[in-house]
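Top line first, the protein sequences correspond to chains A and B.
For the first sequence, my numbering begins at 1 and goes up steadily by one.
For the second sequence, my numbering begins at 1 and goes up steadily by one.
I should point out that these hints are in silico values taken from the structure, not numbers from a laboratory.
Remember, predicted model here, so these are calculated numbers, not experimental data.
Treat the hints with care, as some may be off.
To give a feel for the contact side, a few chain A residues facing chain B, derived at Cβ under 10 Å [what the hints assert, rightly or not]:
| # | residue |
| --- | --- |
| 1 | R18 |
| 2 | G59 |
| 3 | V60 |
| 4 | M67 |
| 5 | G100 |
| 6 | D101 |
| 7 | H103 |
| 8 | G106 |
| 9 | K107 |
| 10 | R108 |
| 11 | L126 |
| 12 | N127 |
| 13 | M150 |
| 14 | L152 |
| 15 | A195 |
FRET-style restraints, in silico, Cβ to Cβ [said to hold, decoys possible]:
| # | chain 1 | residue 1 | chain 2 | residue 2 | range |
| --- | --- | --- | --- | --- | --- |
| 16 | A | R140 | B | D101 | 33 to 41 Å |
| 17 | A | R176 | B | E215 | 42 to 50 Å |
| 18 | A | P221 | B | H214 | 48 to 56 Å |
| 19 | A | R4 | B | D110 | 54 to 62 Å |
| 20 | B | R54 | A | E197 | 35 to 43 Å |
| 21 | B | A175 | A | P221 | 55 to 63 Å |
| 22 | A | R169 | B | I342 | 48 to 56 Å |
| 23 | B | K9 | A | H217 | 56 to 64 Å |
| 24 | A | E158 | B | T290 | 14 to 22 Å |
| 25 | A | E158 | B | I342 | 42 to 50 Å |
| 26 | A | E197 | B | H214 | 37 to 45 Å |
Where is the CB? At the ideal position from N, CA and C, for every residue including glycine.
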Amino acid sequence: MLQRVMRLYADAVLDTDRDRALQVVTDAVEAHVSPEEVVFEIVLPSLESMMTAVSEGQGVSLAQHYMAAQIGAEVVEEMIPRFAARPATVGRVIIGTAPGDFHGLGKRIVTGCLKAMMVDVVDLGLNIPAERFVDEAVARHAQVIAVSTMMLHTALGEGGSLGVRRLLRERGLEGRIRIAVGGAPYRFDPNLYKAVEADAWAENGILAGKVITDLIHEVTP
Amino acid sequence: MMTGMERLKAAINGTPADRIPVFCNLLDQGAGELGMSLEEYYASGECVAEAQLRMCARFGYDNVWSLFYVGKEAELMGCGRMIYAADGPPNVGEMVVRTYDDIDKLTVPDDITAHPAFAEEMKCLRILRSEVGGKQPICAYVTASMTMPAMLMGMEKWMQLLMMGPPEVRDRLLAKCADLCRKRLAAYHELGVDIVVYSNPFGSTDFIPLKFFHELSVPWMERDLASAASAGIVYYCGSARFGAIIDTILDKLALPAFYLSPHDDIAACKTVIAGRALTCGIINDIMLRTWTRDEIRAEVKRIIDAGMPGGHFLFGTLVMPCSIPEESICTMLDAAYEFGRIGTP
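Whenever a hint applies, use it, and build me the whole structure from the sequences.
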């Protein structure tokens, strides 16, 4: 049954039909599917199936990424308080756009996707200096700093990922905190993440969920 | 030697030419050309025109631009603040639509050419026309109604409104943006612009699902272009792919040129277009920052080999980032002139 519900939910998300997706979840809960099953057997597998589709080059649009992340985050946030026991979070991520970059859509998709994957996300917003990324990561015990950029010059800017790397190095934090980057320029130059001294990049918001959770596991004992 | 305009017309009509047209989109580089900051540079239509003419003459490519920066369109709708960088395009510094109530307060200027935010571009256009009119294609840029809201309320909020509604609010905003688009197209037509790049990332299947494209993007594009002559309008999705919808655009809108994404399959798109329009094969110009001379030449050759057979083809760039070395720009252009050679007319 759960497999069938997961398929119905995934189809509604791919159709960008939020109301239908939420109705699938509501019906499942009324049919005594537990909140834990909703998250781990419906929402997460549907996100993973979208990740697989994207990895295999099947056409999935930005709007579908956006809706999958938003609906997934919404359902998970509603289900977690109903869990029998409070679940352990996967980890914590600080996210924002680089200085001079005012494009927040990619960041929002990543945030939604991570929340749906049970990762704590602290969204600092737009135009964030490197110092703030690092200070917040230290204060909140985050494992990953995610820097989003829409333009090449903001990706390459000293105040973005490069600045975060410099501060992590100066403060001896490189063993504890990883840097992930993403956004349009990285899709046009897959080696750009190395030029900005990040640890990893993701081609889109949905795949960022996996890339970032992998980084969390690298630094989590 | 043929002029850029002659090459473009030859490519459109499938008549003989010395080489394919080559469009190189240098915008922010103009400030460096004149030794100015971007903010000083974009404050003056005379400066933009002068730099466009100088760069076109120095590099030998075939087009000039009246476009300053994309965010300038938001100024026509009331945005009063741009944020300048030292080495990249200015960003819209304030969103004029912060709440849905702001949509009803948006005013589309009756006469675009009389709006203060258009004054410097008008000056630029007049200089370009007087200096190279009829010889080099003069390009302007208009954002489609489906994409314009991203500049008025931000991509994030626009995606939310677009995908989750309320639909009546979305349509009120789109109606104003379509009105702006139509008026801008009319203004450029009146001012004698040769090419209008009609930019619509939300008309790409990289941005929205195909079903959504048919149900929403197409009708709004039809409204945008209802009163415009299609000659000179180039379909462009801001580097996003749109190979899957070319046939629909040709069928519904009969646009005469397609400025592909670097990630589109040029040969496949040309097959779909089948001589009905000009195909523009576009280089991934972000890679020009790091590619070697040999890599640049190989990529230019690949693009031209894929697109030139059968004619009706143009080689072009996206909006070239400032960090591309000038030597690489020259290498790319020399390769395009060499591999794009057709023969003496």
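Structure-based check of each hint:
no., hint, in the structure
1, R18, "holds, 6 Å"
2, G59, "holds, 6 Å"
3, V60, "holds, 9 Å"
4, M67, "holds, 6 Å"
5, G100, "holds, 5 Å"
6, D101, "holds, 8 Å"
7, H103, "holds, 6 Å"
8, G106, "holds, 9 Å"
9, K107, "holds, 8 Å"
10, R108, "holds, 5 Å"
11, L126, "holds, 9 Å"
12, N127, "holds, 9 Å"
13, M150, "holds, 8 Å"
14, L152, "holds, 4 Å"
15, A195, "holds, 8 Å"
16, A:R140 x B:D101: 33 to 41 Å, "holds, 36 Å"
17, A:R176 x B:E215: 42 to 50 Å, "holds, 49 Å"
18, A:P221 x B:H214: 48 to 56 Å, "holds, 52 Å"
19, A:R4 x B:D110: 54 to 62 Å, "holds, 57 Å"
20, B:R54 x A:E197: 35 to 43 Å, "holds, 37 Å"
21, B:A175 x A:P221: 55 to 63 Å, "holds, 57 Å"
22, A:R169 x B:I342: 48 to 56 Å, "holds, 54 Å"
23, B:K9 x A:H217: 56 to 64 Å, "holds, 59 Å"
24, A:E158 x B:T290: 14 to 22 Å, "holds, 18 Å"
25, A:E158 x B:I342: 42 to 50 Å, "holds, 46 Å"
26, A:E197 x B:H214: 37 to 45 Å, "holds, 43 Å"
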